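Here is how the chains run, residue by residue.
Number of protein chains: 4
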Amino acid sequence: MVIRVGVIGAGNIGTAHALNLARSVSGSAVSVVFDADQARADSLAADLGARSVGTAEEVLAAEDVDAVLIASPDGLHAGQALLALSAGKPVLCEKPLAVGEDEARAVLDAEVVLGQRLIQLGFMRRFDPGYVQLKQELSDDGIGDPLIVHNLHRNTSAPYGLRTEQTLTNMVTHEFDICRWLLDEEYTSVTVLAGRPGPLTPQGQHDPILVILQSVSGVLVEVEAFVNARFGYEVGCRVTGSLGQAVMGDATFVTRAKSFHRGVAVPELWLGRFAEAYRVQLQGWVDAVRAGGPYRGASAWDGYVAAVVSNRAIESYRTGQRVAVELPPRPALYA
Amino acid sequence: MVIRVGVIGAGNIGTAHALNLARSVSGSAVSVVFDADQARADSLAADLGARSVGTAEEVLAAEDVDAVLIASPDGLHAGQALLALSAGKPVLCEKPLAVGEDEARAVLDAEVVLGQRLIQLGFMRRFDPGYVQLKQELSDDGIGDPLIVHNLHRNTSAPYGLRTEQTLTNMVTHEFDICRWLLDEEYTSVTVLAGRPGPLTPQGQHDPILVILQSVSGVLVEVEAFVNARFGYEVGCRVTGSLGQAVMGDATFVTRAKSFHRGVAVPELWLGRFAEAYRVQLQGWVDAVRAGGPYRGASAWDGYVAAVVSNRAIESYRTGQRVAVELPPRPALYA
Amino acid sequence: MVIRVGVIGAGNIGTAHALNLARSVSGSAVSVVFDADQARADSLAADLGARSVGTAEEVLAAEDVDAVLIASPDGLHAGQALLALSAGKPVLCEKPLAVGEDEARAVLDAEVVLGQRLIQLGFMRRFDPGYVQLKQELSDDGIGDPLIVHNLHRNTSAPYGLRTEQTLTNMVTHEFDICRWLLDEEYTSVTVLAGRPGPLTPQGQHDPILVILQSVSGVLVEVEAFVNARFGYEVGCRVTGSLGQAVMGDATFVTRAKSFHRGVAVPELWLGRFAEAYRVQLQGWVDAVRAGGPYRGASAWDGYVAAVVSNRAIESYRTGQRVAVELPPRPALYA
Amino acid sequence: MVIRVGVIGAGNIGTAHALNLARSVSGSAVSVVFDADQARADSLAADLGARSVGTAEEVLAAEDVDAVLIASPDGLHAGQALLALSAGKPVLCEKPLAVGEDEARAVLDAEVVLGQRLIQLGFMRRFDPGYVQLKQELSDDGIGDPLIVHNLHRNTSAPYGLRTEQTLTNMVTHEFDICRWLLDEEYTSVTVLAGRPGPLTPQGQHDPILVILQSVSGVLVEVEAFVNARFGYEVGCRVTGSLGQAVMGDATFVTRAKSFHRGVAVPELWLGRFAEAYRVQLQGWVDAVRAGGPYRGASAWDGYVAAVVSNRAIESYRTGQRVAVELPPRPALYA
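Protein chains in written order, with this note's numbering: chain A, 1 to 335; chain B, 1001 to 1335; chain C, 2001 to 2335; chain D, 3001 to 3335.
One chain only, chain A, in its complex shape (with noise of 0.2 Å):
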């Protein structure tokens, strides 16, 4: 059985999804193509063997459309996954599952009534073979148990212009949902400290940034975030445990000596980074709708979650002081 795939965006994003679920994923197809600019929709579904469509309903409603996969702006997500609820169809969201709390709340809210998970949201770090492996660290043949994670985050620049509020939003998410789920516990308070700004940054705003977590346990978690940083791409983890220390670095086959200088290519974009990431995350979402469930992946829970600490974060931001992250009780759907 051949999973047919509803694509909803076909920007930079959806576009990479798409030709993952077409050419490089076992079992799965792209049926339907929508974005809001139909020549782009047009294209990515002639180059597909796919048809598109005039709107993200028409995706969603489509007999031939088995799965869909939400890559539409950011503002768009949180009510096309509660579309994709009412039509019963598995739906692999990109993050955010939404741009405010409220409305991450009334996506999983709706999921908790429907009393299925059909969501699986895109935070794929979690398939990342770095992460993966840093993962299974935290174990007594590993580094024993965790007691402080320091994080680094470099962009090369900012695509969403340099709003620090979206630094957290956009990029630091990344760290608040992939630390939770090295650690498997929650967050108890978060603090942003804002450092000397880069020669880039424009005024009123700060990059690089540092974060301060806590989780339930006591673990600190540092993220120290840049988007600014002209030398290049860079994501590292690492966790400093009772046994032990991981660190969690790039993956590079190649050394290069040439003009007195030794050492690796450093990528511009993130892209390249979690490629493997991206076709793994797929493989097992597709895998995954064939078989019925489960999702391995991040939940409609843990994309509210991630809402909850970015806005907590903001307001930590603004205010200069901590600022404790508080949760309802996490819904037995997500067990």
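Treat the hints with care, since some could be wrong.
Derived, one-sided and incomplete: chain C residues facing chain D with beta-carbon distance under 10 Å [said to hold, decoys possible]:
1) G2241
2) V2247
3) G2249
4) D2250
5) A2335
The set of hints was computed from the structure by calculation and includes no laboratory data. Quick caveat, the model's predicted, so the values are computed rather than measured. Don't be surprised by glycine CBs; every beta carbon is placed ideally from N, CA and C.
Add chains B, C and D to chain A, keeping to what the hints say.
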């Protein structure tokens, strides 16, 4: 169109290929399985929703087989490849193409007479991200023209027992192929030097050994091969060029510090190091089968050359002398 | 002219200094040794062709002592430094300058009144090739202006037992000093965060801890300190700048692969990591003594600032709040 | 007692040694300097508070010279070493001991007749922390018994112009010595292979070259030498053993990421790589002179063997054949 693959040989490598074709490659399925061990074939077939048959010939003749994967014992490769040519079916044949030079030549000649390339040889390193990146360095943007190539190849233990001649034909044959591919030229000579044997080397055999090839343009290619490297599996390649030097090693995401030691895990087996190469090789092959070619991987010509070089290496090992490598003109089919 | 050094304190660090002065530094000799443990002083003196005396005062007053090395217990540093000032003899004083802020201020004031710099403080990291190279990166030829500094500091076990306040005064004080030196500016605040305690942390104490400083220009300086890092001793510093990023780690010549692991040895003790820094510090001090100054190392002012910052850090640890760091104007003597 | 050293030769390396002796080594001073360029000798002498003289003989005969450092042109080493033996003064002689095998033998014989070791040869790698640590790996606690040794040696450009025979005598001679020292045994054969020349190689010369030695116990020792490695200076050594593998490379504290590249600086010149080795060698030599021996560094015997192996390597380069290395019995003086 889904390519239905018939699998001949359900041992370790055949099973790995079959699982990839059924579960991780876009556009392929496994339809028929044969193995001399009927139970093993039955089990794999059941796992993949395929059927098993009693002979390799049945696989080749089956109407529901569009293409064939040969992963039988080495001595059967050539005969089965010839049958595939007769059946006009594309084949991905595990290396070696043949155990003997004459047999390899016979397959090559048959394909030349047929006038159509149907055989791809499973030298998977050509699809490995490490070697692909290394080859990209061989330009003026990288390290310039290659001048000297140093390889190291260590196995934890020899699957075939420790016969030095098999080190050349089964293990170093990978370097014979990949360095021709890197340099894009043939060899003119090969020398095998036998050093101090390790403690696990049987009487009369040699391990480690040092193999030195020279290419038409004069590039020296060294291979340090060690079958009983008890520290783990390792493959490396360093190319020194007119402008710089590129070193291909392992790509590892996680470094662990524990017990006064900091470093990375070294695998015991080769499969993990080349898991991505195997998958990409299969995806490329399936894509080429669907498109009716061209096949980007190693050809029957490449398989023939590997057989010739292996035999000259054995001769050098026996005599202690440098041995010339002479090849017939490359048929136009492989231009 | 050979500088005859009187050594006060023949414990581990005092003995290490004395051996260097006698055997590895050009232009110095050890002439007199004092230790509260007379036998220890006798033994070291005999070893080095020096004589031992019964009090620290005798060392300071001795005619055959041109300069003094203070390596006594921390609580005695300030008093002995004052005596050295009275005697008008150059002194290399192990850190800290004093255990209390007031005592440190008293020494500083005495030197200011004297109007001549005689005290060098043993913050040896300023002479470490790693930190020296790191500081050289802070220019437009390197990583540009520093924006954020991340340090890690791990000890295998606490020589002083595990009292968190001593982690700040004895261990993190090294980062207090070296980051001021790197940035060439003072701090405005310090915050200490206590995370999940490791399994070896006594009740009521905290380890690891996270210390965050901010400099006058806004640079955030983090220190992850861990006293009971059972994997080994480690010091690291990463500076992220406007143009790039520089990371100082260990410098290790030999990598070993064994038993399915490849990596480097992590030392158990700090002395080896800084052996070269200690030697270079002593050579530079002896050269300066011979030349009558100037002293390139840390000054009494630097020692005083370290005492102030340590005390504010303790206050932050106790209250859980960010604490301002306020300093008197820097005396002109230290311009 | 301060050892007063007479320095013969005030070129680059002679000056570096003299500065170390005067300023960085405990227990030594430079008293007399000679150089064929009188102005150069005067200048260095004035710098160090020494006097200059008009002939090498005057240095050797001077009453205020306890020991001699020979850093004259290669062709003068043997003659001056013989004079030093006559004068009964300890000498640290830069490599090579002599340009010809016979001359080297004459010095060796003279020292044997004298019955006392006075000559230490400046093979400074034996004091390099990297090689010292590598040698420590050759035990059951490390990598077990050595089986194969791979060296790489790159210079940015040849100080002597690019004559291949000098690559062997001036550059690879370091590996001839250090690998004997690592393995603690002699060579039985040497083979030199000339590969594809780099673009800067003069007509009729070869660069890079590959040198292969075999030791008495059968260990294969490879040296990849490249005089015009435009990417920088590099020395490396990998020993593969019965239990593991040890690789000696550079030790670098700081990694820099900038302009989409992350890595370390590669030096242009060799002096920095071995600065510590030079200092430790001199300190050890001065200590031994003060103690009346024993000398831990390379001996006249080691210098003689290096001359023999270099000559056999030249013979192999000229003939293209493997050449046997035969040595007289080692005199008891060097047991």
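Report task. Hint by hint, work out which the structure violates, then give me just those numbers in ascending order. Result -> Checked against the structure, the only hint that fails is number 5, while the rest are satisfied.
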